[in-house]
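Novice: Those protein sequences? They're chains A and B, same order as listed. First residue of the first sequence: 1, per the UniProt record's numbering; consecutive thereafter. First residue of the second sequence: 1, per the UniProt record's numbering; consecutive thereafter.
Possibly wrong hints are sitting among the right ones.
[Stated by the list, open to error] From chain B, some residues computed to sit far from chain A (all C-beta separations above 10 Å):
id, residue
1, K32
2, E36
3, L37
4, Q38
5, D39
6, R46
7, V47
8, E50
9, K51
10, T54
11, R65
12, S80
13, D135
14, I184
[As the list claims (entries may be wrong)] Once the Cα atoms are required to be at most 20 Å apart in a straight line, the calculated SDA-like pairs of lysine to any residue come out as:
id, chain 1, residue 1, chain 2, residue 2
15, B, K51, B, R64
16, B, K10, B, K24
17, B, K32, B, V185
18, A, K242, A, A176
19, A, K496, A, T561
20, B, K24, A, R112
21, A, K318, B, E143
22, B, K159, A, G681
23, B, K32, A, I419
24, B, K183, A, R132
25, B, K125, B, R138
26, A, K118, B, Q169
27, A, K81, B, Q169
28, B, K51, A, N302
29, B, K125, B, N140
30, A, K115, B, V13
31, B, K32, B, D78
32, A, K667, B, S173
33, A, K268, A, G681
34, B, K10, A, A110
35, B, K32, B, E84
36, A, K327, A, R311
37, B, K149, A, A678
38, B, K159, A, I688
39, B, K159, A, Q676
40, A, K557, A, Q519
Hints listed in this document are in silico derivations from the structure and should not be mistaken for laboratory results. In this text, a Cβ means the ideal position worked out from N, Cα and C, and glycines have one as well.
Below, each chain spelled out in residue letters.
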Amino acid sequence: MDSIDLVFFSDHKGRPSNPLLDQLPSYQSLLYHKKQSLSSSTKRRGSVRGHFGSLTSGKWISAKMDERSSSSQQLIREQPKTMEEKRRAKEQHVAQDQDLHGWIHWHVHACRIFKRVKVDSLEVLSALVLFRGDIRVIEGMFGTGILSYFSFLRFLVLLNFVMFLLMFGFVIFPIAVAPHASGNITYSQADGSECTDYPSSSRRGLVVFHQYITDLLSGTGFLEQTYLFYGYYKVEAINFHKCTYNIPLAYLLVTIAYLFLSLIWIVKRSAVGFKRSLIQDEDRFQSFCNKVFAGWDFCITNENAARLKRRSLLYELKTDLEEERIKQKIAERTRYEKFRIYILRIVLNLFVIAVLAGCFYSIYRATIYSAQNEQKTNFILDLIIEYLPSIVITLGNFITPLIFSVIIQFEDYSAAFEIRFTLMRCVFMRLASIAVLLLSLWSQITSCSIDDCPCGYNHKLYPCWESRVGQEMYKLMIFDFLIIGAVTVFVEFPRKIIVNHFNCGLAKLWGQQEFSIPQNVLEIVYGQTICWIGTFYCPLLPAITTIKYCIVFYIKKVSLTNNCRPATRPFRASSSNFFFLVVLLIGLALACIPVTVSIAQISCSQACGPFTNYTTSWEVIPHTVSQIPHGLRALFYALSSEAFAVSFFVVTCLAMFYIIALAGAHKRVISQLREQLAMEGRDKHFLIQKLCQAQKSARCRDMPSKSLMVREQTSSYINPNHDHAGMFLAQSGADTATHV
Amino acid sequence: MGGAASQLPKEMVSEYQELTFLTKQEILLAHKRFSELQDRDSLSSRVPMEKILTMPELKSNPFRRRICHVFSTSEPNDGSLTFEDFLDLLSAFSDSATLEIKSHYAFRIFDFDDDGTLDAGDLEKLVNCLTGDTDETRLNPEEMRQLIKNILEESDIDKDGTVNLSEFQHVISRSPDFVSSFKIVL
Numbered sequence: 001m002d003s004i005d006l007v008f009f010s011d012h013k014g015r016p017s018n019p020l021l022d023q024l025p026s027y028q029s030l031l032y033h034k035k036q037s038l039s040s041s042t043k044r045r046g047s048v049r050g051h052f053g054s055l056t057s058g059k060w061i062s063a064k065m066d067e068r069s070s071s072s073q074q075l076i077r078e079q080p081k082t083m084e085e086k087r088r089a090k091e092q093h094v095a096q097d098q099d100l101h102g103w104i105h106w107h108v109h110a111c112r113i114f115k116r117v118k119v120d121s122l123e124v125l126s127a128l129v130l131f132r133g134d135i136r137v138i139e140g141m142f143g144t145g146i147l148s149y150f151s152f153l154r155f156l157v158l159l160n161f162v163m164f165l166l167m168f169g170f171v172i173f174p175i176a177v178a179p180h181a182s183g184n185i186t187y188s189q190a191d192g193s194e195c196t197d198y199p200s201s202s203r204r205g206l207v208v209f210h211q212y213i214t215d216l217l218s219g220t221g222f223l224e225q226t227y228l229f230y231g232y233y234k235v236e237a238i239n240f241h242k243c244t245y246n247i248p249l250a251y252l253l254v255t256i257a258y259l260f261l262s263l264i265w266i267v268k269r270s271a272v273g274f275k276r277s278l279i280q281d282e283d284r285f286q287s288f289c290n291k292v293f294a295g296w297d298f299c300i301t302n303e304n305a306a307r308l309k310r311r312s313l314l315y316e317l318k319t320d321l322e323e324e325r326i327k328q329k330i331a332e333r334t335r336y337e338k339f340r341i342y343i344l345r346i347v348l349n350l351f352v353i354a355v356l357a358g359c360f361y362s363i364y365r366a367t368i369y370s371a372q373n374e375q376k377t378n379f380i381l382d383l384i385i386e387y388l389p390s391i392v393i394t395l396g397n398f399i400t401p402l403i404f405s406v407i408i409q410f411e412d413y414s415a416a417f418e419i420r421f422t423l424m425r426c427v428f429m430r431l432a433s434i435a436v437l438l439l440s441l442w443s444q445i446t447s448c449s450i451d452d453c454p455c456g457y458n459h460k461l462y463p464c465w466e467s468r469v470g471q472e473m474y475k476l477m478i479f480d481f482l483i484i485g486a487v488t489v490f491v492e493f494p495r496k497i498i499v500n501h502f503n504c505g506l507a508k509l510w511g512q513q514e515f516s517i518p519q520n521v522l523e524i525v526y527g528q529t530i531c532w533i534g535t536f537y538c539p540l541l542p543a544i545t546t547i548k549y550c551i552v553f554y555i556k557k558v559s560l561t562n563n564c565r566p567a568t569r570p571f572r573a574s575s576s577n578f579f580f581l582v583v584l585l586i587g588l589a590l591a592c593i594p595v596t597v598s599i600a601q602i603s604c605s606q607a608c609g610p611f612t613n614y615t616t617s618w619e620v621i622p623h624t625v626s627q628i629p630h631g632l633r634a635l636f637y638a639l640s641s642e643a644f645a646v647s648f649f650v651v652t653c654l655a656m657f658y659i660i661a662l663a664g665a666h667k668r669v670i671s672q673l674r675e676q677l678a679m680e681g682r683d684k685h686f687l688i689q690k691l692c693q694a695q696k697s698a699r700c701r702d703m704p705s706k707s708l709m710v711r712e713q714t715s716s717y718i719n720p721n722h723d724h725a726g727m728f729l730a731q732s733g734a735d736t737a738t739h740v
Numbered sequence: 001m002g003g004a005a006s007q008l009p010k011e012m013v014s015e016y017q018e019l020t021f022l023t024k025q026e027i028l029l030a031h032k033r034f035s036e037l038q039d040r041d042s043l044s045s046r047v048p049m050e051k052i053l054t055m056p057e058l059k060s061n062p063f064r065r066r067i068c069h070v071f072s073t074s075e076p077n078d079g080s081l082t083f084e085d086f087l088d089l090l091s092a093f094s095d096s097a098t099l100e101i102k103s104h105y106a107f108r109i110f111d112f113d114d115d116g117t118l119d120a121g122d123l124e125k126l127v128n129c130l131t132g133d134t135d136e137t138r139l140n141p142e143e144m145r146q147l148i149k150n151i152l153e154e155s156d157i158d159k160d161g162t163v164n165l166s167e168f169q170h171v172i173s174r175s176p177d178f179v180s181s182f183k184i185v186l
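Based on the sequences and whatever the hints tell you, model everything.
Specialist: Encoded structure:
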């Protein structure tokens, strides 16, 4: 180290001219950048900036020329040089291009113009990206952790919009347009049995105004017989001139399509994060480097956010250092202490389960009560009864996280695990409450008072049970939205005013609202799960969700900039992105279960909806398959046979084993290479020590020669006790490193 | 600012577009912001470091002085920037700059004594910059020693007691947050 300090104060300037010095590994790594940009620019060009590298055409000459022009340009840009040097390099290239003869010259020129047009048009296109400006502002003020929440929200807006387009394009649009396009709509016929009796729920006569509000909020009355709900789609087929459009089939396929689309889109988005988290798990020893070298978020411009970031970095570093000590402590725990902690954890977990069970039971009671209670007493009471399940669920979601965060403090886990564990409990609470609601609805729908159940469901209480489920989801969605808005306006805003204007101790203690990313993500994942479940029963739900998330985006932005402060313990952008998507995937899996069960198992209602002619919705598929030509039909049968399933399973397993083996091999190679690197380093040390000794003995003999100079320089690079030659070398090395 | 006289010529803009990772709008915005800081209306005039540091984008950045020193081309290095230095800065911190260029400049910013390697002294200064350099925010000597030992254990592959550029780039390439956080948005 001393030699470097020594070097720093010396003002020698010069370059190492000796070939032996140039071969030193440390000097080589200083030159690393220069070499790399020369040798591998073509390879890198394709991977790093794909859209610029994709210009190569088939002809060899154009490919070659393109390589030349674009690699030179890439090169210039990618060199860490000052503008002056870059300009000179570019002029050199231009001069070289001038030597080329006519056509090639023209081609290079054309390529350059084409590229410029392309860059400009990309710029114009990027201006169209949703919420681009807002996201940039947020990024600039609060850094990448909070940004990841907002880009997640934007992703959900897009997903819901595409889901809406699917539903609209294949189901709603054909029905809406059929009368105008000489299409003939065939409605399914009621055969007069009791199952097909569907009393109209729209109010007759003079309707009090507030009834409309109730209807609008709960999806009953005039809203029930609109495009909003399943029951309205009582269309069997649309006959155009030559072909018929099978609405039931389209309805079912769109449902399957939107679930698959969501799955693929989420998996594709999370693939990157998954890879990263795998690498991070493997590289457990990189945590300190990540925090120190990539710790500062250069996007932060807000003074307050910068202070918080500093504090959180300090906190993280301190806790990480302490974690090692805690690990030591855990290892040293006595048997009695261990016993005490485990007992405590078991008791607290039992308590958590009891709290959850209490919540679920109250949701169940509320659902049944709200379904059976029909008396019309007064407007407000009606509305509350109508909304009772939603209110109970929201209350549960509001209170249980508070309880969990108190409980976790007594359980004595490590800090990182504490946060994750609380979150998992909250996720479970949120999603399980939807499951309980659906289960209680399901038990209501399928239970018949007496043993006869002619329609397969409780047709007296629910003549069109799908619409009923749709209404329930619609209510949850609306209520969730109202709560988000109300919390911002009636809780966060007054809290901020109180904290800012009253300087007393209590208000200070309370502090400003923290913008906690995990809780907010849970909130929108919950909404998305409802949307996935509800889209089958309420086809316009994705449209409502899209609008809802757009508004939520702006509400959250305003509340973040005005009311909240960022959380003291921030989320890292990379890990959190992956975490969001995992929670979303859990939500999707949960949403798939009720939709699949209701499509395949429960008899669909006979009084409404597109599937009145079938016992279950799924029957449309076998029915359609039986009508298509023989060859195709055989193919479908083959695809659904056991033989195909078994062979498919075997092939998948084989592929998986191959990839696992490959990963294992890579891992071993990496560890071998790492060992080799450390070995080389040791070798280098050893050799330089040998050189030192040789130099000492040479000096003893006092034979000044040119070759000796080399040794002196080399040895003093690591050994500070020698003469100025060392400064000369290290200084020149540093010089080249910083000014290449 | 923004008047007809201070407009960038079109050829210059397209040249800058070729030489940096910035888009046309970003270059024009950078020019507008830079000419607000300038006294005289000429591209080659330097703006002293103290004035650059008043920009809100840099004001709360603990590395602001190092950034100016690294990107300054003045002789002797006083941290003052010309417009082109400023564009270089923005280009390295832009969205589309490669990991390689970002890590190169990050290395130079973190290399407080400009000697081409990150040694224990550099790391200590770096950590103090991150946590804030006051008595109550600093790590105590014991913790600092432990932390530096851990960092070197993780990143110093050839075990020579310092982190050099290629080791640094190796570590950075495995750090997923770096590219997204090493960014300055005007």
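Novice: Against this structure, judge whether each hint is valid.
Specialist: Structure-based check of all given hints:
no., hint, in the structure
1, K32, "17 Å, holds"
2, E36, "16 Å, holds"
3, L37, "16 Å, holds"
4, Q38, "17 Å, holds"
5, D39, "21 Å, holds"
6, R46, "13 Å, holds"
7, V47, "15 Å, holds"
8, E50, "18 Å, holds"
9, K51, "17 Å, holds"
10, T54, "13 Å, holds"
11, R65, "14 Å, holds"
12, S80, "14 Å, holds"
13, D135, "12 Å, holds"
14, I184, "5 Å, violated"
15, B:K51 <-> B:R64, "12 Å, holds"
16, B:K10 <-> B:K24, "10 Å, holds"
17, B:K32 <-> B:V185, "14 Å, holds"
18, A:K242 <-> A:A176, "19 Å, holds"
19, A:K496 <-> A:T561, "12 Å, holds"
20, B:K24 <-> A:R112, "16 Å, holds"
21, A:K318 <-> B:E143, "8 Å, holds"
22, B:K159 <-> A:G681, "7 Å, holds"
23, B:K32 <-> A:I419, "45 Å, violated"
24, B:K183 <-> A:R132, "16 Å, holds"
25, B:K125 <-> B:R138, "11 Å, holds"
26, A:K118 <-> B:Q169, "31 Å, violated"
27, A:K81 <-> B:Q169, "18 Å, holds"
28, B:K51 <-> A:N302, "19 Å, holds"
29, B:K125 <-> B:N140, "13 Å, holds"
30, A:K115 <-> B:V13, "15 Å, holds"
31, B:K32 <-> B:D78, "23 Å, violated"
32, A:K667 <-> B:S173, "17 Å, holds"
33, A:K268 <-> A:G681, "41 Å, violated"
34, B:K10 <-> A:A110, "19 Å, holds"
35, B:K32 <-> B:E84, "13 Å, holds"
36, A:K327 <-> A:R311, "24 Å, violated"
37, B:K149 <-> A:A678, "17 Å, holds"
38, B:K159 <-> A:I688, "14 Å, holds"
39, B:K159 <-> A:Q676, "12 Å, holds"
40, A:K557 <-> A:Q519, "15 Å, holds"
The structure fails to meet hints 14, 23, 26, 31, 33 and 36 from the earlier list, while all remaining hints are met.
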